[in-house]
Structure formats: C-alpha cells, structure tokens
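The whole structure should be built from the sequences, with the hints applied where relevant.
Chain order of the listed sequences is B and W. So in numbering that gives the first Met the number 0, the last spot in the first sequence is 428, and the numbers never skip. So in numbering that gives the first Met the number 0, the last spot in the second sequence is 220, and the numbers never skip.
Honestly, I wouldn't trust all of these hints.
Below, simulated SDA-like cross-link-like pairs (lysine to any residue); rule was C-alpha separation at most 20 Å, straight line [as the list claims (entries may be wrong)]:
1) W:Lys17 - B:Arg426
2) B:Lys6 - W:Lys113
3) B:Lys420 - W:Gly14
4) B:Lys6 - W:Lys115
5) W:Lys81 - B:Arg318
6) B:Lys88 - B:Gly229
7) B:Lys6 - W:Leu133
8) W:Lys159 - W:Ile3
9) W:Lys183 - W:Glu125
10) B:Lys12 - B:Lys209
11) B:Lys209 - B:Arg426
12) W:Lys159 - W:Leu181
13) B:Lys10 - W:Thr95
Honestly, the hints are just simulated from the structure, not real lab data.
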Amino acid sequence: MIGYALKELRKRKRKYLLNIMVIGLVVVLLITLNSLGVAFKEASRLPFENIHSSIIIQRNGNVPENTSGAVTPCSLAPIKGEFILQIGKIEGVKEVSYGLFLWVFDKDSFKRVLGMNWNDDRGKRIGSELIEGSLPQSDEDALVERAYAQQHGLKLNQKMRLSGTDFTVSGIVETTGKDILSSDLYVNLNSAQSLAYSSKNLQETEKFAKNDVNIIFVDSDQTRVKDVTGKLKTLLNPPTSSAGKTPTGQITGAYNIYTPESFESQISSLFLISDKLILVLSLVVLVGALLVIIKSMSHTLLERRKEFGIMKAVGFRSRDIRREITIETILQAIIGYCIGVALSLVAIFALAKTTVSIAIPWEMSPYPHFLTSNPNLIAPVQTYLFPIKFEAMYSVEVLIAILVLSLLTVSVLARYINGLKAMEVLRYE
Amino acid sequence: MNEIIIARNLSKTLGSVKAINAVSLDVKEGDFLVIQGSSGSGKTTLLSLLSGLDKADAGEIKFGGEDITSMNEDDLALFRRKNVGIVFQSYNLIPTLNVLENIALPLFPEGSSKEKMFERAKAAAESVGLSHRLNHYPNELSGGEQQRVGLARALINNPKVIFADEPTGNLDTETGQKMMNLFKSLNKQKGLTIVMVTHDDGLAKEADRLIKIKDGVVTNE
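Put into structure tokens, the structure is as follows:
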C-alpha cells in the first residue's frame with residue numbers, strides 16, 4: 000500500500016505539490032513563530048541574567064524637592080537595613096548582596112554613585128571589571144567607570160569632590176553595558192550611606208537611617224525563586240492604598256520584587272509579541288491550512304472518482320481505500336513537514352545572525368528621567384545577538400499537529416469515500 | 000454440475016426505468032453463459048447484480064450457497080475480491096499503475112508481500128500472454144492488450160466465476176475473436192465458470208448457454 004501511495008504521489012506530483020507546499024509553509028510559520036516567541040522571551044531575560052541574581056528588591060519612593068546633594072532615585076527609595084538579615088534567613092536564599100545607589104547633584108555636575116560591599120557577590124563582580132588601580136582601601140577611595148573617567152579627565156589617585164566630601168580615584172572599572180545597574184562611581188557602602196545620611200535634601204524626602212540600603216540582590220535556588228518571592232512579599236508588607244504615587248504611577252513605599260519572570264513580562268510587551276498572539280496566529284495558520292488541504296484533497300479525490308470505483312469493483316472495501324488515502328495524506332504531511340523543517344532551520348540560522356536591542360524599563364534605569372540632555376540614557380538600550388534557536392521539542396509537537404491535521408482531512412473526506420458505489424461510478428464515468 | 004449462482008425474482012430500477020424485472024436464473028459450475036440483448040435491455044445491470052457489483056431492489060441471489068443480497072457494501076467488496084473476477088468493456092485500468100501493478104491491484108488490500116503479489120500477477124499475466132508488457136502503462140498498450148490486463152486482473156484471485164461485460168465491445172473483430180478464444184480456453188481447460196454479456200450474435204453462438212434479455216425480462220434460454 001505504501002508503494003502504491005508513493006507511486007500515486009510521484010505520478011500526480013503536480014496535484015500534490017500544493018498540499019505539500021501548504022504543509023511546508025505551515026511548518027515554517029509554526030516553528031519560526033514559536034522560535035521567535037521563545038527568542039524574544041529569552042532576549043528579554045538577558046539583561047536580568049547579566050545581573051547574575053535570582054531576585055532584585057527595590058522600593059518606590061518620593062521625588063526629591065530639588066536637585067541638590069545626594070538623593071535616591073524615586074524607584075530606589077531607602078530600604079531598612081534590618082530587612083537584610085531577615086531576608087538572609089528565608090529558606091531557599093543562598094546569598095544576599097545589597098548596595099546604595101545615589102544620584103549626587105553638585106553645583107557643576109551630576110554623578111551616579113553606587114555604594115558596595117566588596118566582599119559580597121555583587122562587589123566581587125564589579126571588582127572583577129577593574130582595569131586599572133585597586134579596589135577602594137578606605138572610605139575616601141572611589142572606583143570610576145572608564146567612560147566617565149575619560150569624559151571628565153579623571154586619572155588614578157586624582158582627588159575629586161562628591162557632595163562636599165573628598166574622594167581619591169583608586170581604580171578604573173569598565174562596567175558599562177555589562178550590568179543594568181552600572182554607575183559612574185563606586186564607593187564603599189559606608190561612604191555612600193554617610194553621603195545619604197548627611198544629605199538634607201534626601202532626609203527631607205525620605206527618612207534615611209545610617210545602615211539603610213536601596214537595592215538588594217537575592218540569590219536563591221532556581222527551583223525556589225517563586226517560593227522565595229512569595230515569602231519576600233509577606234515580609235515586605237505592602238503599603239496602604241492611600242499612599243501617593245511615583246511619576247510612573249507606582250504606589251509610593253511599595254516594594255518591587257523583580258524576578259526573571261516579572262522582568263520578562265514587563266519587557267516583553269516591547270516586542271509586541273506574546274504567547275496569546277503566537278497562539279492565535281498558530282491557530283489561524285492551522286485552520287487556514289486545514290481548509291486549503293481539504294479543498295485540494297477533495298478536488299483530487301473527485302478526479303480519482305473512477306479509480307476508486309475500479310478499486311471497489313475489484314474488492315477494495317471503503318476502509319481499504321480510506322487506508323490508502325490516509326497513507327497518501329500522511330506521506331504528503333511528512334514530506335511537507337521535512338521541507339518545512341529544513342526551511343525553518345535556514346530561517347532560524349539567518350535570524351540568529353541578527354541582533355536585538357532591548358530598552359531597559361525606566362523603573363530599572365539608573366539614570367534620572369528628567370535629564371533630557373541625553374535621552375538615550377534614560378532607557379539604556381542593550382544589544383545582544385538574537386538568541387533564536389530551533390526548538391526540537393516544539394517541532395515534534397508541530398509534526399503531531401500536522402499529522403492530526405492530515406487525519407482530520409481524511410476523516411472529513413471519509414464520508415465521500417464511503418458513499419462511493421462501484422457500479423454507480425463505473426456506469427456514469 | 001452444481002449451481003454456483005441461483006437468482007430468483009431479481010428486480011432493479013434505475014431512475015424511473017425498471018432495468019431488471021423479476022428475473023430468475025441459475026448458473027452451474029463450469030458454465031459458459033452468455034447474456035445477450037440490445038443496448039438498454041438490462042443485460043449489464045443483470046451482470047452487475049449477479050457479480051455483486053450492485054444490489055437488487057428485490058429478489059435473492061445465492062452465490063455458492065451464500066445470500067449476497069443481504070450483504071452491505073463492504074461485505075460485497077470482500078465477496079467480490081474472494082469469489083469473482085470482473086472484466087469491463089472499457090478495461091477500467093488505473094492509468095498511474097503499470098501492467099503488473101494493475102493485475103495485482105485486487106491483492107493490495109490483503110497486505111501480502113510485494114514479492115508474493117507480483118509473483119501471482121506475473122503468473123496471471125503469463126496466462127493471458129502479457130509477460131513481455133509487465134512494466135508498461137495502460138496508455139502504452141493496445142485495446143486488446145488492455146483487455147488482457149483486465150482479464151489477468153480478474154483471474155488473479157482464482158475466482159469461482161468470471162463476469163465479462165462486453166469484453167470485445169471496444170476491440171476489432173480479429174482481436175475480439177482472440178479475446179473470445181481466451182475466455183473459451185479458460186472455460187474448457189481450467190473449468191472456469193464464465194458469465195458474459197454481449198450484443199454480438201457471432202460471439203453469442205460460441206457460448207454453451209445463451210440467455211436473451213429484453214426490457215429487463217429474460218425472453219428465452
């Protein structure tokens with residue numbers, strides 16, 4: 000029967016080419032659409048993955064009354080230092096790193112300053128980007144980002160003034176484009192906390208205690224991220240709804256607990272592609288293909304009416320003919336599928352050579368939104384090679400879908416085959 | 000000889016025409032029976048009822064003791080595959096299959112191996128003198144050759160009865176006579192029962208038994 004089916008396909012290749020091409024096109028669309036969806040999700044996770052952390056905690060705050068001295072960005076309001084110890088005790092948490100990120104407005108300049116513990120995971124990561132000099136040995140030392148140092152002509156051991164306090168450049172680091180939370184200057188956490196504590200402008204906006212921080216990185220078991228996130232939400236009590244709102248509409252005082260999933264859902268809207276969209280498109284493609292294949296197959300079956308009449312006359316039962324048609328349809332499906340997979344591989348290979356640019360949401364941007372002189376920095380854009388790849392498991396699902404589609408076609412046409420009566424066909428043909 | 004077919008009071012209406020009207024007849028094993036009638040007399044319809052290709056509206060047909068009038072379409076198809084061979088006036092070969100495959104067609108649903116099927120098909124082709132044309136397609140054959148393919152296909156399942164509907168109708172006189180000789184030799188040498196429909200008086204005379212039919216009624220035997 001397979002030999003007969005193959006011969007039939009070979010002899011009527013022009014007739015079946017349409018079906019095969021439709022199936023191939025469906026496979027290309029389904030596989031490529033899915034790979035695009037997965038790749039966009041993957042791409043949206045890349046900036047987060049660069050942080051090398053499972054969970055990031057921030058808190059919404061108030062907008063400073065004026066731009067002078069050290070202030071915290073409104074998406075990075077102070078978090079009580081006591082929480083750090085409690086977070087560390089949550090089951091599933093492997094390590095807690097934290098820092099204090101400040102905007103420092105001096106008379107003639109603006110600086111982003113990040114206070115770090117050089118011994119924790121975050122500190123070590125920034126330290127590993129040191130290209131010149133050494134890590135801060137005292138609270139008066141600072142690391143300077145290379146681009147910032149070049150822009151302001153800062154060199155090793157040079158003195159600089161930061162909100163009324165003198166600092167010495169102890170080293171140069173190159174962090175731009177490597178982390179979401181890159182900064183111009185990196186200082187000891189103590190130094191940053193002192194700057195914040197003594198800032199009148201900050202204290203008027205937010206109450207800042209000497210051991211407060213404003214960003215916490217939690218590294219947890221990958222399998223327990225959801226669980227840990229839930230416990231963090233319980234620990235960091237949500238504020239009442241009567242609280243004010245930040246310029247981006249978030250509730251003042253509320254904690255933002257970012258995970259790769261939350262980050263992904265926040266950022267993936269930028270790509271205008273979502274699971275629902277892919278599902279709808281896939282369904283449209285499948286239903287369209289089903290209609291085209293049924294129409295084409297019906298036409299072919301009508302043309303072969305006499306052939307089926309002969310087959311019935313010599314002893315084929317309806318089920319024998321259905322089996323024959325099923326084999327032919329499945330063969331077309333498999334050939335179309337193979338062509339589709341081959342074309343998908345080519346398309347995915349080509350797409351993998353392209354890049355994708357991801358704009359980091361404002362809430363996670365370390366640059367003041369109101370500094371319009373360099374708007375590109377407000378939503379820093381990071382560029383990555385498009386992480387698209389062939390999804391083998393999904394391609395198996397597509398094969399199953401195509402086979403189901405083929406069997407559905409046969410079942411729709413089965414009524415026609417069952418209704419054929421040998422003598423009636425042969426009498427009138 | 001035993002009766003292989005016993006038909007009683009067969010009736011069949013096609014559209015508004017009573018094609019067969021209360022026909023009864025018996026066919027014995029080894030018979031060479033010719034049903035003769037003019038065009039539209041109902042001879043082909045009668046043949047299709049006797050061979051199980053079509054179902055009678057009324058009456059009963061017992062084939063080898065089995066009532067085929069009560070069978071459904073699929074059972075009838077199986078019955079045809081196992082018991083009868085049918086030769087058509089217009090050959091009814093499948094154009095995308097070669098001679099060997101056309102002859103082997105009735106064996107396809109049985110699921111036996113390709114080698115076994117083709118071995119039997121080759122033997123059937125040899126019995127009708129077509130061994131040299133096995134790989135040719137129907138459009139590469141003459142009318143006589145195509146009809147011999149049809150006969151070989153009818154023979155492949157060792158049927159109890161061969162039904163032939165105007166098998167020489169599309170052939171010239173000489174080729175038609177050769178075809179008729181082939182039927183006769185199958186009947187005489189192998190004892191095969193043959194029921195043939197024709198309107199040709201010359202061919203009708205060569206049969207052992209002749210039934211004439213007019214307006215769906217058997218007029219004489």
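We went through each hint and held it up to the structure:
1. W:Lys17 - B:Arg426: 16 Å, holds
2. B:Lys6 - W:Lys113: 14 Å, holds
3. B:Lys420 - W:Gly14: 16 Å, holds
4. B:Lys6 - W:Lys115: 19 Å, holds
5. W:Lys81 - B:Arg318: 17 Å, holds
6. B:Lys88 - B:Gly229: OK: Lys88 of chain B and Gly229 of chain B at ~14 Å, within 20 Å.
7. B:Lys6 - W:Leu133: 16 Å, holds
8. W:Lys159 - W:Ile3: Distance ~8 Å between Lys159 of chain W and Ile3 of chain W Cα, so the pair holds.
9. W:Lys183 - W:Glu125: Between Lys183 of chain W and Glu125 of chain W the Cα gap is close to 17 Å, so the pair holds against 20 Å.
10. B:Lys12 - B:Lys209: Violated - the C-alpha atoms of Lys209 of chain B and Lys12 of chain B are around 80 Å apart, more than 20 Å.
11. B:Lys209 - B:Arg426: Roughly 101 Å separates the two Cα atoms, so the pair is violated.
12. W:Lys159 - W:Leu181: Distance of about 17 Å is within 20 Å: holds.
13. B:Lys10 - W:Thr95: 6 Å, holds
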